[in-house]
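K.L.:
Following the hints, complete the assembly by docking chain B onto the known chain A.
The listed protein sequences derive, respectively, from chains A and B. In terms of my numbering, the first sequence opens at residue 32 and continues consecutively. In terms of my numbering, the second sequence opens at residue 32 and continues consecutively.
If you are wondering where the hints come from, they were derived from the structure by calculation, not from laboratory data. Among the clues, some could well be false.
Put simply, identical chains are the same to the list, so a pair is met inside one copy or across any two.
[Claimed, not checked] Once the Cα atoms are required to be at most 25 Å apart in a straight line, the calculated PhoX-like pairs of lysine-lysine come out as:
1) K280 <-> K247
2) K199 <-> K280
3) K168 <-> K214
4) K214 <-> K199
Protein chains: 2
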Amino acid sequence: MELKNDTLLRALLRQPVDRTPVWIMRQAGRYLPEYLKTRAEAGSFMDLCQTPELACEVTLQPLRRFSLDAAIIFSDILTIPDVMGLKLFFVAGEGPKFENPIRSADDIRKLPSPDVNESLGYVMDAISLTRHELDGKVPLIGFSGSPWTLATYMVEGGSSRTFSRTKKLIYQEPEMAHELLGKLANTVTDYLNAQIESGAQAVQIFDTWGGALSAKAYQDFSLKYMAQIVAGLKRENEGRRVPVILFSKGCNTQLEALANTGCDALGVDWTISLNEARARVGDRVALQGNLDPAILLADKQVVRREVNETLNSFGQGNGHVFNLGHGITPDVDPDNLAALINAVSELSPGFHS
Amino acid sequence: MELKNDTLLRALLRQPVDRTPVWIMRQAGRYLPEYLKTRAEAGSFMDLCQTPELACEVTLQPLRRFSLDAAIIFSDILTIPDVMGLKLFFVAGEGPKFENPIRSADDIRKLPSPDVNESLGYVMDAISLTRHELDGKVPLIGFSGSPWTLATYMVEGGSSRTFSRTKKLIYQEPEMAHELLGKLANTVTDYLNAQIESGAQAVQIFDTWGGALSAKAYQDFSLKYMAQIVAGLKRENEGRRVPVILFSKGCNTQLEALANTGCDALGVDWTISLNEARARVGDRVALQGNLDPAILLADKQVVRREVNETLNSFGQGNGHVFNLGHGITPDVDPDNLAALINAVSELSPGFHS
Chain A
32 MELKNDTLLR ALLRQPVDRT PVWIMRQAGR YLPEYLKTRA EAGSFMDLCQ
82 TPELACEVTL QPLRRFSLDA AIIFSDILTI PDVMGLKLFF VAGEGPKFEN
132 PIRSADDIRK LPSPDVNESL GYVMDAISLT RHELDGKVPL IGFSGSPWTL
182 ATYMVEGGSS RTFSRTKKLI YQEPEMAHEL LGKLANTVTD YLNAQIESGA
232 QAVQIFDTWG GALSAKAYQD FSLKYMAQIV AGLKRENEGR RVPVILFSKG
282 CNTQLEALAN TGCDALGVDW TISLNEARAR VGDRVALQGN LDPAILLADK
332 QVVRREVNET LNSFGQGNGH VFNLGHGITP DVDPDNLAAL INAVSELSPG
382 FHS
Chain B
32 MELKNDTLLR ALLRQPVDRT PVWIMRQAGR YLPEYLKTRA EAGSFMDLCQ
82 TPELACEVTL QPLRRFSLDA AIIFSDILTI PDVMGLKLFF VAGEGPKFEN
132 PIRSADDIRK LPSPDVNESL GYVMDAISLT RHELDGKVPL IGFSGSPWTL
182 ATYMVEGGSS RTFSRTKKLI YQEPEMAHEL LGKLANTVTD YLNAQIESGA
232 QAVQIFDTWG GALSAKAYQD FSLKYMAQIV AGLKRENEGR RVPVILFSKG
282 CNTQLEALAN TGCDALGVDW TISLNEARAR VGDRVALQGN LDPAILLADK
332 QVVRREVNET LNSFGQGNGH VFNLGHGITP DVDPDNLAAL INAVSELSPG
382 FHS
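Excised from the complex, chain A in its bound form:
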């Protein structure tokens, strides 16, 4: 099936486009009543992830409402640790938890290398099914957590504000930390390659907690493993290049280093202007971002003004994918997201003339 709208893929490769493509991190999510309905019917969050028909359904929901330029497969970054035996579960209001968090060097040594096509076959099935349902309307994005970000959940046993256990591991037992991160990098590489082979047309690595690390520790314990993954990915499929996006939140002092990993695009949070980010990475990579998600809590006029500000900050030329600087929050009115997408559609052609 031919891809009818390849604006996203072209922009990620810094090729000419006539408008700025847009998709939204967590676009299939709790701000949508239809998502909440499907999730309630599914039973648990994990049931939703693990049932390809349901994962496909929620992936497609935002595309029925909005003129988005991409779908992103509905899943969770913690499926990898789950199938490595840590057993993921969710407690309402408390976020993700693991039944078997990593508590010793021995736990790291014993971690299996899962066959992702088998243990995470439900993700591949959801991707195949969604590609079929999309029928070439827009490209489908696959994703994974970064090794560092996955490791924080695995070592802390869930979410954290200080990452005390994981940081103690990297400082006190760096060789064990590297063994864990190396295993994760191999599995993430397999996982993203399997997603690409199943039909993902671009992939994004979410390094949500890279910003918790010192500049030096970031290079040694996060960046290095993302670069290793980028080098191991299948970069062409179905006769097209498969762009790779790295999104390392809170790591704007590292943009140059991130741009040198060999990825195609960088996700950028809102704490740096796109203008400055672009000046720093030059023409090495495209940039994706970077509206503060909180702007969607204001009214439509404000949303439109800030969309214009963001487009203007990137400026004229190719290589910009419009997105938020982090995931959309559950308290957003979907009509405000519609206003954002309309504003990008109406205002962005002026930046591609």
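P.N.:
Just chain B, lined up with the frame of chain A:
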């Protein structure tokens, strides 16, 4: 009384010193058993803040254990909103809350301008008493929250992860946000000047949540007001210059702008190397920081190695004050902090030869 150890004040002004001075954010805090004892005896946290003898006692406790180069008056950044009528209280395990958070434009218009010498007289009394007790041993640092950081607590009603209400205010009703921030800037200026007149020999502004803002919003809603405060401070007292330190956590893309406010020094978190920070600010300001507090959870050899790394990252020369990149956490063993301070004392003279 003569100041016997002025290493901190000299380093903050980038004057020659023979070793790098050190103090620790939240050095009077929950990691110290003697602090926990005094706090338990005081009754509530607010009783501890509001009783000058007790605030003085906990301010001095870390200096009895460690060779620190400064004391910092024990207090809380939220005393200002408290005396503006919001009424601060603490719920165990939940952090600070306000009885009367800001919920409308009218709440902002009605906010009083407190006479800080009267309503916050307990802070001035604690400073006078602590200066007397210190007897010139080391300088005493005063502090305040930044207008933006105070505003987040006042508008959210307490701590927040997303700052939705405060961001909605700045985007939707910027003129009301400016009215609030302007009032806070005036009160913070009065408050810090009163602290200086009571004996604070350096002052620090904590912009703990500056990093939540977009680059542009940061300039308009946080930086601008800190610059206004810096311009309004009494910079000399008792025949000495009173250095002003700005600490804007998570704002490393803004270091140049911060250095241009007229402050003497910048607090730096651990997500940027001191080497890079120094290259960016040049000789305009001194730098204070920036060890990741989590390193204090590793063993003493690791602490020493990372202290050396931090000293080495700043490199040879003046203008460095050793500190963590954020407050010390309650789970730290005080002996590890002793190892940090000893390491700075032993290793830093080599960087001032």
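K.L.:
If a hint holds in the structure, say so; if it doesn't, say that too.
P.N.:
Against the structure, the hints:
1. In this assembly of identical chains, the alpha carbons of K280 and K247 lie at most 25 Å apart whether taken from the same copy (16 Å) or from different copies (18 Å).
2. In this assembly of identical chains, the alpha carbons of K199 and K280 lie at most 25 Å apart whether taken from the same copy (21 Å) or from different copies (22 Å).
3. Taking the shortest Cα distances, K168 and K214 never come within 25 Å of each other, neither inside one copy (36 Å) nor across copies (53 Å).
4. In this assembly of identical chains, K214 and K199 lie within 25 Å of each other by CA distance solely inside one copy; the values are 19 Å within and 43 Å between copies.
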